[in-house]
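**Student:** Chain by chain, the residues run as shown.
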Amino acid sequence: AQSVTQLDSQVPVFEEAPVELRCNYSSSVSVYLFWYVQYPNQGLQLLLKYLSGSTLVKGINGFEAEFNKSQTSFHLRKPSVHISDTAEYFCAVSGTGTASKLTFGTGTRLQVTL
Amino acid sequence: DGGITQSPKYLFRKEGQNVTLSCEQNLNHDAMYWYRQDPGQGLRLIYYSQIVNDFQKGDIAEGYSVSREKKESFPLTVTSAQKNPTAFYLCASTLQPGLATGELFFGEGSRLTVL
Numbered sequence: 010a011q012s013v014t015q016l017d018s019q020v021p022v023f024e025e026a027p028v029e030l031r032c033n034y035s036s037s038v039s040v041y042l043f044w045y046v047q048y049p050n051q052g053l054q055l056l057l058k059y060l061s062g063s064t065l066v067k068g069i070n071g072f073e074a075e076f077n078k079s080q081t082s083f084h085l086r087k088p089s090v091h092i093s094d095t096a097e098y099f100c101a102v103s104g105t106g107t108a109s110k111l112t113f114g115t116g117t118r119l120q121v122t123l
Numbered sequence: 002d003g004g005i006t007q008s009p010k011y012l013f014r015k016e017g018q019n020v021t022l023s024c025e026q027n028l029n030h031d032a033m034y035w036y037r038q039d040p041g042q043g044l045r046l047i048y049y050s051q052i053v054n055d056f057q058k059g060d061i062a063e064g065y066s067v068s069r070e071k072k073e074s075f076p077l078t079v080t081s082a083q084k085n086p087t088a089f090y091l092c093a094s095t096l097q098p099g100l101a102t103g104e105l106f107f108g109e110g111s112r113l114t115v116l
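For the record, the sequence lines run as chains A and B. Numbering follows the working numbering, with no gaps: position 22 of the first sequence is 31. Numbering follows the working numbering, with no gaps: position 27 of the second sequence is 28.
Each hint should be verified, as a subset may be incorrect.
[Said to hold, decoys possible] Under 8 Å between C-beta atoms, here's a sample of chain B residues computed to sit facing chain A:
| # | residue |
| --- | --- |
| 1 | Pro-9 |
| 2 | Leu-12 |
| 3 | Phe-13 |
| 4 | Gly-41 |
| 5 | Gly-43 |
| 6 | Leu-105 |
| 7 | Leu-116 |
[As the list claims (entries may be wrong)] Far from chain A, by Cβ distances over 10 Å, these chain B residues were calculated:
| # | residue |
| --- | --- |
| 8 | Gly-3 |
| 9 | Arg-69 |
| 10 | Thr-80 |
| 11 | Thr-87 |
| 12 | Phe-107 |
| 13 | Arg-112 |
| 14 | Thr-114 |
[To be verified] For each label pair, taking beta carbons as the anchor points, the in silico distance ranges come out as:
| # | chain 1 | residue 1 | chain 2 | residue 2 | range |
| --- | --- | --- | --- | --- | --- |
| 15 | B | Asn-29 | A | Ser-79 | 37 to 43 Å |
| 16 | B | Gln-42 | A | Glu-75 | 41 to 47 Å |
| 17 | A | Ser-35 | B | Asp-55 | 39 to 45 Å |
| 18 | B | Ser-68 | A | Lys-67 | 39 to 45 Å |
| 19 | A | Ser-12 | B | Lys-72 | 31 to 37 Å |
| 20 | B | Thr-6 | A | Phe-23 | 22 to 28 Å |
| 21 | A | Arg-118 | B | Ser-8 | 37 to 43 Å |
Hint data in this document are derived by calculation from the structure and do not stem from the laboratory. We put the beta carbon where it would ideally sit given N, CA and C, even for glycine.
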C-alpha cells in the first residue's frame, strides 16, 4: 500500500513570488506520482505526472515537479505565481502494477494575493 | 466537447432518504470511479468499474451502491445506511482499466447536503 503526505494545508504567497508545495510519499514498491489541481467547486485536473525517465517533470501552467527517490518526495514548484493559480493542489501516488489504485494526499490550498 | 457530466450539482436530502447521483461520460473511457471529498481529507475511493456490468468496492464503500449497465454511465446511490453522507462527490474516468499510468478525468462534482 502507498500513502501520501502533504506537509502544508495552506500556503499563502504574493503574486509573482516563487512557490513550492511539498509532497512526500511512502511505498514498498515502485511508484508513479501525480499532481492535480482543483479550482473552487470543480473537479480535479492533471497538472503533471512522473512515470519514469527524467526526474524533473514539467506540467501545464508553468508548474514543474522533481522526483527524489532517496527522499521519497515529489515537490511541486512554480517560479512566479499568478492570482489565477489560487486553488487546491493534490499530490497522488500509485503503484506501477495494472491493478494499482491511486492514493491522494489531503491537499494544499495555495492562496495568491497582490 | 468530450467530458464527464455530473448531476445534480447541488442536492439536499432528508435523513433516511436514498439519493442517486448521475455520472455520464462521452470520452469512450472503459474505467469509471466515484470519489468522496471532505475538507482536509483529500479524495477517498468509493467504487470503481473497469468494464460494463462489473464494479469493485473502494476504500469506503459502506452505505453506497453503484451500477454499470452502460459504458457511458456510472450512477452512485447514497443509501440511508451511509452514516455521514454530507460531502462533495466526484466522478472520474480513465481510458483503460488500471490507474497506474492513466490520467484521471473528473466531472465537476455533486455537493450533497443532508438536512
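**Student:** Can Leu-116 (chain B) be said to touch chain A, with a Cβ gap under 8 Å?
**Tutor:** violated (20 Å)
**Student:** Holds or violated: is the Cβ of Leu-12 (chain B) closer than 8 Å to a Cβ in chain A?
**Tutor:** This hint is violated: Leu-12 (chain B) lies away from chain A, its Cβ roughly 14 Å from the closest one there, beyond 8 Å.
**Student:** Please check whether Asn-29 (chain B) and Ser-79 (chain A) have a Cβ separation lying inside 37 to 43 Å.
**Tutor:** holds (41 Å)
**Student:** Any CB of chain A closer than 8 Å to the CB of Pro-9 (chain B)?
**Tutor:** Hint on Pro-9 (chain B): violated, closest Cβ of chain A at ~13 Å, above 8 Å.
**Student:** Do the beta carbons of Thr-6 (chain B) and Phe-23 (chain A) sit within 22 to 28 Å of each other?
**Tutor:** Once the Cβ atoms are compared, 37 Å apart, the range 22 to 28 Å for Phe-23 (chain A) and Thr-6 (chain B) is violated.
**Student:** Would you say Thr-87 (chain B) is clear of chain A, with no C-beta pair closer than or equal to 10 Å?
**Tutor:** About 15 Å separates Thr-87 (chain B) from the closest Cβ of chain A, which puts it past 10 Å; holds.
**Student:** Confirm or reject: Phe-107 (chain B) is not an interface residue toward chain A, with every Cβ-Cβ distance exceeding 10 Å.
**Tutor:** violated (3 Å)
**Student:** Beyond 10 Å on every Cβ pair: is that true for Thr-114 (chain B) relative to chain A?
**Tutor:** holds (14 Å)
**Student:** Could one say that the CB atoms of Gln-42 (chain B) and Glu-75 (chain A) fall in the range 41 to 47 Å?
**Tutor:** violated (27 Å)
**Student:** Has the hinted range 31 to 37 Å been met by the Cβ atoms of Ser-12 (chain A) and Lys-72 (chain B)?
**Tutor:** Cβ of Ser-12 (chain A) to Cβ of Lys-72 (chain B): about 32 Å, so the range 31 to 37 Å holds.
**Student:** Checking hints one by one. Is Gly-43 (chain B) an interface residue toward chain A, by the C-beta closer than 8 Å rule?
**Tutor:** holds (4 Å)
**Student:** Determine whether the non-interface label on Thr-80 (chain B) survives the test: each CB of chain A must be over 10 Å from its CB.
**Tutor:** For Thr-80 (chain B), whose nearest Cβ neighbour in chain A is about 23 Å away, the distance exceeds 10 Å, so it holds.
Of the numbered hints stated above, those contradicted by the structure are hints 1, 2, 3, 7, 12, 13, 16, 17, 20, 21, listed in ascending order.
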